[in-house]
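Participant: The residues making up each chain are set out below.
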Amino acid sequence: MVFFGVRVPAVFSLLIWCALWEVVGRMDAVFIFPPLSAVLVKLVMILGQNNFHEAAIISLKAFSIGMFWAVLVGVFLGFLMGRVDAANKLLGMWVNIFASAPLSSLVPILMLLFGFGETTIIVTVFLFAVWIITLDTYAGVSHISPSLNEMARSFGASKWDMYTKVLFWAALPEILAGIRMGFIRAVKGVVIGQLLVSVVALGAMFSRYSRSFLLEEFWALALILFVFALGISSMIGWVERRVEYYAGARM
Amino acid sequence: MTTVIASPTQEEHSRVNDTAQEIVEVSGITKVYPGGTVALRGVDLAFPKGKMTTLLGPSGCGKTTLLKIIAGLLDATEGVVRVNGKEVSGPGPERAFVFQDFALLPWATVLTNVGFGLEMQGVDKATREAKSRSYITKVGLAGFEDNYPHELSGGMRQRVGLARALAVSADVLLMDEPFSAVDEQTRRLFQEELLRLLAMENKTVIFVTHSIEEAVYVSDQIVLLSPRPGRINRVVIPGIERDGKTPDEIRREPGFLDTVEDIWDTLKKYLDEERMV
Chain G
0 MVFFGVRVPA
10 VFSLLIWCAL
20 WEVVGRMDAV
30 FIFPPLSAVL
40 VKLVMILGQN
50 NFHEAAIISL
60 KAFSIGMFWA
70 VLVGVFLGFL
80 MGRVDAANKL
90 LGMWVNIFAS
100 APLSSLVPIL
110 MLLFGFGETT
120 IIVTVFLFAV
130 WIITLDTYAG
140 VSHISPSLNE
150 MARSFGASKW
160 DMYTKVLFWA
170 ALPEILAGIR
180 MGFIRAVKGV
190 VIGQLLVSVV
200 ALGAMFSRYS
210 RSFLLEEFWA
220 LALILFVFAL
230 GISSMIGWVE
240 RRVEYYAGAR
250 M
Chain C
0 MTTVIASPTQ
10 EEHSRVNDTA
20 QEIVEVSGIT
30 KVYPGGTVAL
40 RGVDLAFPKG
50 KMTTLLGPSG
60 CGKTTLLKII
70 AGLLDATEGV
80 VRVNGKEVSG
90 PGPERAFVFQ
100 DFALLPWATV
110 LTNVGFGLEM
120 QGVDKATREA
130 KSRSYITKVG
140 LAGFEDNYPH
150 ELSGGMRQRV
160 GLARALAVSA
170 DVLLMDEPFS
180 AVDEQTRRLF
190 QEELLRLLAM
200 ENKTVIFVTH
210 SIEEAVYVSD
220 QIVLLSPRPG
230 RINRVVIPGI
240 ERDGKTPDEI
250 RREPGFLDTV
260 EDIWDTLKKY
270 LDEERMV
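Same order as they appear, the protein sequences are chains G and C. Counting from 0, one number per residue, gives the positions in the first sequence under numbering that gives the first Met the number 0. Counting from 0, one number per residue, gives the positions in the second sequence under numbering that gives the first Met the number 0.
These are calculated hints, taken from the structure and not from any lab test. Just so it is clear, CB atoms sit at the ideal spot from N, CA and C, and this is done for glycine as well. Hints may contain errors.
If we take Cβ atoms under 7 Å as the criterion, some of the chain C residues that face chain G in the derived model are [what the hints assert, rightly or not]:
hint, residue
1, L72
2, P90
3, M119
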C-alpha cells in the first residue's frame with residue numbers, strides 16, 4: 000500500500016478503520032456504533048463469561064459435526080461427479096442450485112423435519128458448506144490431466160492406488176479451496192441456524208444483545224466470530240499454499 | 000546400406016526377424032472411435048526383440064493410437080496384441096510407457112516419481128529407492144532426487160519419465176513422441192543417451208515420432224503409416240552403421256540422407272493427396 004508516495008504496511012489500513020470506528024463511536028452520531036474501545040472492553044468480559052463458554056462449546060460442536068459430514072459427503076460427491084458422467088448429469092444441476100440458493104429460507108423446513116434442537120443446527124451447517132465443497136472437488140477432479148490417469152494405469156495402479164495416490168493429490172488444491180469456502184459458509188450456517196431455530200447458544204446471545212440494545216456486547220461477540228472465521232480460514236489458506244506450487248504445474 | 004521394402008509382405012517381415020525373435024506382435028488391429036472415425040485398419044506388425052522400431056507418419060495416422068493399444072491403454076475394435084506370444088488385454092509389467100507430456104506427479108519428488116511404477120508393483124520402500132536412485136543416475140539426474148518436477152526443465156522432466164519406465168524392468172519400452180516437448184539441442188543429446196542406455200539395458204523399444212530425421216537416426220526399423228485410416232504403408236530398415244562415428248558424421252552419411260529423403264518423398268505424397276481431397 001502506498002500513501003502519498005510513502006510505503007505503508009498493510010496492517011495500517013486496519014488501524015485506520017479502527018480509528019475511524021472509535022471516532023464515529025465517540026461522536027455518538029450513529030447509535031448502533033459504540034466506540035471500539037468500549038466494545039473491546041466488553042469483548043474481554045464476554046470471553047471470561049461462563050455462558051459464553053457454554054454457547055461456544057455447543058456451537059463449536061454443531062459446527063464440527065456439520066463440517067465433518069460436509070467435507071466427507073462433499074468430497075465424495077465431487078469425485079463421483081468428476082469420475083462418473085451419469086452422476087454429473089444427475090446431480091450437477093442440483094448441486095449448482097443449492098450452492099447458489101439462499102439456504103436460510105430452508106431452515107424453517109429443517110426445523111419441522113429435525114425439531115428445535117441441535118440436529119437442525121448440524122444439518123444447517125452441513126447444507127451451508129457441502130455444495131461448494133462438492134463443486135470445487137468436482138472442478139479439481141475433472142481437470143486432472145488424462146495422461147496422469149493413463150500413466151497410473153500403464154504402471155498397473157489398482158483402483159485404490161489410483162484414487163489415493165494420484166487422483167486425490169491431483170485434485171487437492173481445489174478440494175482445499177472448497178473446504179475453506181465451505182468453512183466460511185458453515186460459520187454463517189451455525190449462527191443463522193441458532194438465530195432462526197431455537198435461539199440457543201451463540202444465536203441466543205446475539206438475539207438477547209440486540210433485543211436489549213446491548214450494542215457493545217453485540218459487536219464484541221460479532222468480532223469474536225469474525226476473528227474465529229478469519230483465523231481458521233487463514234489456517235486452511237496456509238495449507239493451501241503448501242500445495243499451491245503444483246496447482247499451476249499440473250498439465 | 001539402406002534396405003527399403005516396398006510393401007510389407009509376410010516374407011519381408013520374416014527377413015527382418017531372421018536375426019531376432021518377435022517380442023510384440025499385432026495382428027488385424029482395427030480401431031474405430033465412437034462417432035465412426037476409423038483410426039487404424041487391419042494393422043499387422045511384428046516388433047523384433049532388442050530392436051528399436053519407430054512408428055512414423057503424418058498427424059492423424061493413428062500412430063499414437065496404435066502405441067496405446069499395444070500398451071493396453073486403449074482397446075482395439077478388432078485384432079489382437081501378443082507380447083512374448085501371449086495375448087494381452089490391458090497394461091502389464093512387461094511393458095512401460097514414456098509419455099509425450101511426461102505425466103509426472105507434480106506433488107512428488109523425482110525420487111518418488113521414478114519409483115512410482117515399483118510402488119504400484121508393491122516393491123518395498125528401501126528396494127524401490129535404491130533402484131530409483133540407480134536409474135536417476137543412469138539418466139543423468141544424480142543430485143536432483145529431491146527436486147520437484149516444476150523445478151526441472153522439459154528435458155530433465157522427460158529423463159524422469161524415462162527413468163520411471165526403465166526402473167520397472169519391462170522388456171518393452173513404449174515411447175510416445177518423447178522428445179517433442181523439448182528443444183532441439185536437448186533432443187539430439189537425448190537421442191544419443193537413449194541409444195547408449197538401450198544398448199546397455201537391452202530393451203525393445205516402440206517409438207512414435209513425427210520427425211523423419213529422428214526416426215532414421217535412432218531406429219532399427221521404421222514403420223510408415225498412411226493417413227486415416229492408418230495402415231502400414233512401408234517398412235524401412237535404415238541400417239545405419241554407428242561404429243566409431245560421431246553423431247554429425249552419421250547425419251552426413253549418404254545412406255542416412257538418402258533414407259530421410261526417401262521417407263520424405265512418401266510422406267509428401269500423403270500431403271499432396273490430402274490437398275487434392
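Participant: Next, verify each hint and record whether it holds.
Facilitator: Hints, verified against the model:
1. For the restraint placing L72 of chain C at the interface with chain G, the shortest Cβ-Cβ distance is roughly 5 Å, inside the 7 Å limit, so the hint holds.
2. This hint holds: P90 of chain C has a C-beta 5 Å from the nearest C-beta of chain G, less than the 7 Å allowed.
3. At about 5 Å, the closest approach between the beta carbon of M119 of chain C and any beta carbon in chain G falls short of 7 Å, and the interface hint on this residue holds.
Checked against the numbered hints above, the structure breaks none of them.
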